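Asks: Assemble the whole structure, with the sequences as input and the hints as a guide.
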Amino acid sequence: MKKIGTKADLESIKAKRGSLLSPPHPRITVGMATCCLARGADKLKEALEDEVKKRGFKASVVAVGCMGLCHREPTLEVVQRGRPKVTYGPVRPEEAPDFLQAIISEGVDKKRALFRTDREDNLLHGETYLSGGIPEAFKGIPEHSEISSLKRQVKIVLRNVGLINPEEIEEYIARGGYFPLLQALQMRPEEVIEEISRAGLRGRSGGGFPTGAKWLSCRKAKGENKYVLCNASEGDPGIGMHKSLLESDPHSILEGMIIGAYAIGAKEGYIYLSSGYSLGLKRMEKAVEDARAYGLLGEDILNSGFHFTVKVKEGGGAYVCGESTALMASLEGKTGEPRPKYIHTAEKGLWDSPTDLNNLETWANVPVIIEKGAKWYTQIGTERSKGTKVIALSGSIKEPSLVEVALGTPLKEIIEMGGGISRERKLKAIQSGGPAGGILPAESASLPLDFDELSKAGSNLGSGGLIVMDEKACMVEMTRYFLTFLREESCGKCVPCREGIKKLSELMERMSMGIGTKEDLALMEELSLAMEKGSLCDLGKTAPHIFTSTLRYFREEYEAHMEGKCPAGVCKDLIFYAIESSVCTVCGACIRVCPVNAISGESKKAPSIDLKKCIKCGACIEVCEVEAIKA
Amino acid sequence: MTNHFDEKEIEAIVKKFGAKEDALISILQEVQRKQGFLSEQTVLCLSGKLNLPAGQIYGVASYYKVFRTEPGGREEIKVCDGTSCHLKGAGELIARLKRELKVEEGEPTEDQRYTLEKVRCQGYCQIGPALKINEAVHGPVTQEKAIKLIKEQR
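Keeping their order, the protein sequence lines are chains X and R.
If you count by the numbering used here, then the first sequence holds residues 1 to 631, one letter each, in order.
If you count by the numbering used here, then the second sequence holds residues 1001 to 1154, one letter each, in order.
Since the hints were derived computationally from the structure, they do not count as laboratory data.
Some clues are possibly wrong.
List of simulated lysine-lysine pairs, DSS-like, C-alpha gap at most 27 Å [what the hints assert, rightly or not]:
{"#": "1", "chain 1": "X", "residue 1": "K286", "chain 2": "X", "residue 2": "K3"}
{"#": "2", "chain 1": "X", "residue 1": "K3", "chain 2": "X", "residue 2": "K267"}
{"#": "3", "chain 1": "R", "residue 1": "K1016", "chain 2": "X", "residue 2": "K334"}
{"#": "4", "chain 1": "R", "residue 1": "K1020", "chain 2": "X", "residue 2": "K493"}
{"#": "5", "chain 1": "X", "residue 1": "K613", "chain 2": "R", "residue 2": "K1145"}
Note that this is a predicted model, so its numbers are computed, not measured.
Replies: Structure representation (C-alpha cells):
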C-alpha cells in the first residue's frame, strides 16, 4: 500500500474505489453486525453470492455493518446509478434466487421492499443516490422521509454505519473519511481544541463533561508521554450501541482519536474493548492495521511531522472498568480498581502520565465537527446539549432498533420511532443510563433527551440505552435485579459501595419476597445518601439511583409488596398462576410445555393448573398466544 | 476445546504479546481460549515467565468475570441477563436450563460437556432473551426453543 501524504492521494483512493452510492452495477449490501449474524445474515450473503455467480449477473455483494433495523433482520439494500436505494427485510437465504430474479428483471423486488431512499444528507461526501427523476418501477415503494421512524433521525455518528464495508478502509475514504484528519493537521492544535469547545461537544458516556475542556487540560498538563484512550468497554446492561459502532464503522472512532491525539499532543493511544466483542475486536484491529499501512498512523502522519500509534486492548469484563481510573489500571494489566481522583487523570492517568479518555461515540463525532465546523454542529441539539445521540431502543417495544436523534428529541418520539409499546400494552416506565441511571415513570416520556433534564428527573442519559417497560414489569423486581448486578460488580475497594450495595440488595430481596417493612425503606434511604456521599467512584455514588428513582415514582408498588402483593405479577413469592377460561382458546400449548406436568384438562375445556406442582417457571405464559394465563 | 496445560503453548503466547505487565490480561485471555482455564500451574508458570508475583496474576485472574480458575465443560451455553433480556424472561430461562441440565451457574454438567453461564449484556438487547451456544447466537428464545437448540447440539 502506498502511504497517503496529500489530499491528492486521498482523492485518488476515493476515485479508484468509485462510487458507493451510485455504482454502475448493482451493489447489494447485507447488514452483518453480530445481531444480524444471529439472524442468518451470513447465510443470506452466501446465497446471494452463489446466485449472482450462477447467473453471471454483474453485481457486487458486500458485507456492511448494522442497518439499525433489528426487527427486520436479515436486512439488505440495493443501490445502483440512476435509481433510489431500496431497503429490504427480512430476507431469508432461501429467498435469494427469487429476490435476485426480481432485481435482474425489474431492478427492484417490490414484494420485499421496505422503503426507498431517494436522497441522503451526505455529511462529508456530497454524493447522493438519485440525480434525475424516480424510475417508474420504484414509485409504489414508500420514500424513507414518509416513514416516521426514519425521517426524524439525524445521522452524524452513524453516518457510514450500514453503508460501508467496515473492513475496507477505502470505502471509509470514499465516504469522505480521513479528509477531516488532513484538515485538522493543517490547523494548530489549539485551534482544533477551540473548534471542539465551540461545538459544545459533551462526553457521550453519560457524564456529559465538555470534551474541549477535557482536551485542553490534558494538553496543558506537563509530561513527556501523553495518552489518549477510547472507552469501548460497554458495561451497562441494555446497550448494544458500542458494539454496533465498533462492528460497523471502526475508522470513524479511530480518525477521531488521531485528531484528538494531535490536539492534545499525545503519541500513543489505546482502545479498550469489553471482553467478548470478538467481531468488534477483529474489525477494530483490522482498521488500525490498514490505517497504519496507509500512513494514517505511525510516523509523520500525512507529512505533518506528527507521530501517533494505537493499540487495541481487550478487557476482562468488569463493569467498574467503565470508570476512568479503573480502566487505566486494567490497561496496565492490574485488577480494575478505581483510585481517588483528587489528582485528575488529565495530569496523572495511565502510568502516571497525562491521559485523555473519551468514549467511542464522542470520538466518532470529532471528524464531522472538524469538517463541517462548530457553527454547523451547534445548530443541532438543545441549548446545553449539542449534537446527536445514538440510542439503542429495546424492551417492550414493537420494533427494537438502533437510531440516532438530535439531542432534545422528546423520549416519547423516540418510543414512537420504535413503533410504540408491544402487544398494545401501556407504557409504564423508561430506564436509561443502565445501573447508574434511573427508572422514570410514563409521564417522563415528554422529557427531552438531554443530559441535564434526565439527571434532574433522577435518571441519566448514560451511553444511550433506552429500555421501555410496560405494565407487566415490576419496579421492585427491576430494582432488585439492578442491585444484584451491582453487588456482583462492585470492586469492593471502598466500604460505602461494597457494604452499602450488599445491604440494599438484601433489603430489596426482602421487599420482593413480601416481607419488607417501612423501617427497611427508611434504612435504605439513609444508606443511599451515605453511598452517594461516601463512595470512591461513580459506581458506588450512582448505585442507589435505581432505588431512589423507583421509590420516588413508584412508591405505591413498594407499599403493595409490603402488603404481600405484586401488582405486575412478577415476584415469584407473591403470585400464583391461573388460566382465565374466558380467554383460553384450548390450544393445549401450555400443557405441552409445562416441565412438571402441572397443567391438565379435559378436551374442549380450559385446562387448570395444579398449584402444588407449579414451579412458576413461566414456560406456559411464554407460549400462550392469547395471554390467558395470569399471574 | 479440552482443558489442559501446555508450557510450550504458553511460552508462544507470552512471546506474541510480550513479557510485560500490561500484556497480562491479553495473555490470560489467550491462554484460557486455548487451554480452557487458568490453573494454579498456569499461574505459577506465567509468574516465572513474566517475572510477576503469582499472587498478582491470580488476583487478576480471579477479579475479572471472563476468567475461569476451575475447569469448565467442553462447550459453553451463555444466557444473557442484561436488563433487556431480563425484562423478557432471562431469569426464568436460566432457572429452567439449570433444571434441565442439572447444573448450577458456572459449573460443568456431569458429562463435562457444557458449562451454563449467566452473562452480562452482550449487546443483543434487540433480540432478547438471547442465548449463545458456543459462538452461535440465538434470539429471541423461549424456554422450549432453548432446550430444543441444546438438544440439537447433541
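Asks: Which hints from the list above does the structure break, by number from lowest to highest?
Replies: The structure conflicts with no hint, since it agrees with every one listed earlier.
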